[in-house]
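Trainee: First to last, the sequence lines map onto chains A and B.
Numbering follows UniProt numbering, with no gaps: position 80 of the first sequence is 80.
Numbering follows UniProt numbering, with no gaps: position 62 of the second sequence is 62.
If you are wondering where the hints come from, they were derived from the structure by calculation, not from laboratory data.
Ideal placement from N, C-alpha and C gives every residue a C-beta, glycine not left out.
It is possible that some hints are incorrect.
[To be verified] If you want a taste of the chain A side facing chain B, the calculated C-beta under 10 Å gives, among others: (1) HIS23; (2) VAL24; (3) ILE28; (4) GLY50; (5) MET54; (6) SER56; (7) GLY60; (8) VAL62; (9) ARG67; (10) GLU80; (11) SER84; (12) LEU91; (13) GLY93.
[Claimed, not checked] Sample of chain B residues at the chain A side, in silico, Cβ under 7 Å: (14) GLU26; (15) GLN39; (16) GLN100; (17) SER115; (18) ILE121; (19) GLU128.
[Unchecked claim] Distance windows between CB atoms, simulated: (20) A:VAL5 - B:SER11: 50 to 56 Å; (21) B:GLU67 - A:ALA109: 41 to 47 Å; (22) A:SER52 - B:ALA134: 35 to 41 Å; (23) B:ALA35 - A:MET86: 24 to 30 Å.
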Amino acid sequence: MAMEVHKVDGVLVVRLQGELDHHVVEQIRDEIERELAWVRHRALVLSCRGVSFMDSSGLGLVLGRYRSVSSHRGRMALCEVGPSLMKLFELSGILKIVPVFPDEEQAIAHVKEA
Amino acid sequence: MASKLNSDALSDNYMRIQFASRSENESFARVAVAAFVAQMDPTVEQLTELKTAVSEAVTNAIIHGYEEGPGEVRIECRIRDGTVEVVVEDDGVGIADIEQARQPMYTSRPELERSGMGLTIMESFVDELIIDSAPGRGTRVIMRKTIAPKREGH
Numbered sequence: 001m002a003m004e005v006h007k008v009d010g011v012l013v014v015r016l017q018g019e020l021d022h023h024v025v026e027q028i029r030d031e032i033e034r035e036l037a038w039v040r041h042r043a044l045v046l047s048c049r050g051v052s053f054m055d056s057s058g059l060g061l062v063l064g065r066y067r068s069v070s071s072h073r074g075r076m077a078l079c080e081v082g083p084s085l086m087k088l089f090e091l092s093g094i095l096k097i098v099p100v101f102p103d104e105e106q107a108i109a110h111v112k113e114a
Numbered sequence: 001m002a003s004k005l006n007s008d009a010l011s012d013n014y015m016r017i018q019f020a021s022r023s024e025n026e027s028f029a030r031v032a033v034a035a036f037v038a039q040m041d042p043t044v045e046q047l048t049e050l051k052t053a054v055s056e057a058v059t060n061a062i063i064h065g066y067e068e069g070p071g072e073v074r075i076e077c078r079i080r081d082g083t084v085e086v087v088v089e090d091d092g093v094g095i096a097d098i099e100q101a102r103q104p105m106y107t108s109r110p111e112l113e114r115s116g117m118g119l120t121i122m123e124s125f126v127d128e129l130i131i132d133s134a135p136g137r138g139t140r141v142i143m144r145k146t147i148a149p150k151r152e153g154h
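Please model the entire structure based on the sequences and the hints provided.
Mentor: Here it is, written out as structure tokens:
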């Protein structure tokens with residue numbers, strides 16, 4: 001699986017791993033949604049530390065989770081975003097709606113405030 | 001071998017691959033192109049950009065061209081004077097309105113949770129992008145990216 005999941009104080013932390021293309025995204029999207037149900041879609045952190053490749057399908061995954069979490073009035077944050085991923089996020093406008101933090105701790109603290 | 005063949009075409013280095021339109025081949029396609037282009041000594045950034053653009057074109061062929069059904073995707077890659085040209089081709093349904101497809105955030109398949117950023121990413125990550133398509137005639141995407149600046153007197 002291209003991810004590792006854990007929960008910290010009602011926050012779902014998903015550590016994405018490997019290459020996030022259309023093929024992989026189709027496989028992990030439903031699993032993230034199932035895990036989100038456990039925290040009632042209230043708080044999600046996507047850690048990009050282990051991501052070695054991402055294209056617009058990966059952006060679709062991130063945007064889709066943002067829509068899903070915000071429709072439940074939850075909060076979401078990204079963290080540990082490398083330079084080539086940052087370029088993709090900038091291009092897509094995701095940075096205007098989802099905050100990015102240098103590490104998981106700060107991202108978790110952000111989504112817990114509310 | 002004595003060659004009286006078309007010397008122009010033969011002087012370029014090129015490679016061709018063809019593969020089944022299946023999502024598990026998206027990774028193979030971009031890695032194959034990257035491996036071929038490695039001989040041009042690209043920067044990590046250039047290689048990542050090219051891989052991303054190839055991934056977008058191949059994914060489009062699979063999702064939109066063949067609508068996730070059976071088909072064949074072909075890639076031709078050619079190196080000329082420090083520039084790489086990648087052609088991604090399918091025999092799928094084609095694109096009726098290319099200008100509309102080029103709009104950022106546009107997606108013809110909103111039910112698939114696509115970002116609508118594929119063509120925008122391709123345009124940003126290569127130097128030249130040509131899309132040749134018509135309904136029922138398949139799609140041909142031509143991308144050119146300069147890897148090394150032309151040397152003086154070359």
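Trainee: Quick one: which hint numbers does this structure break? Sort them smallest to largest.
Mentor: 3, 4, 10, 15, 16, 19
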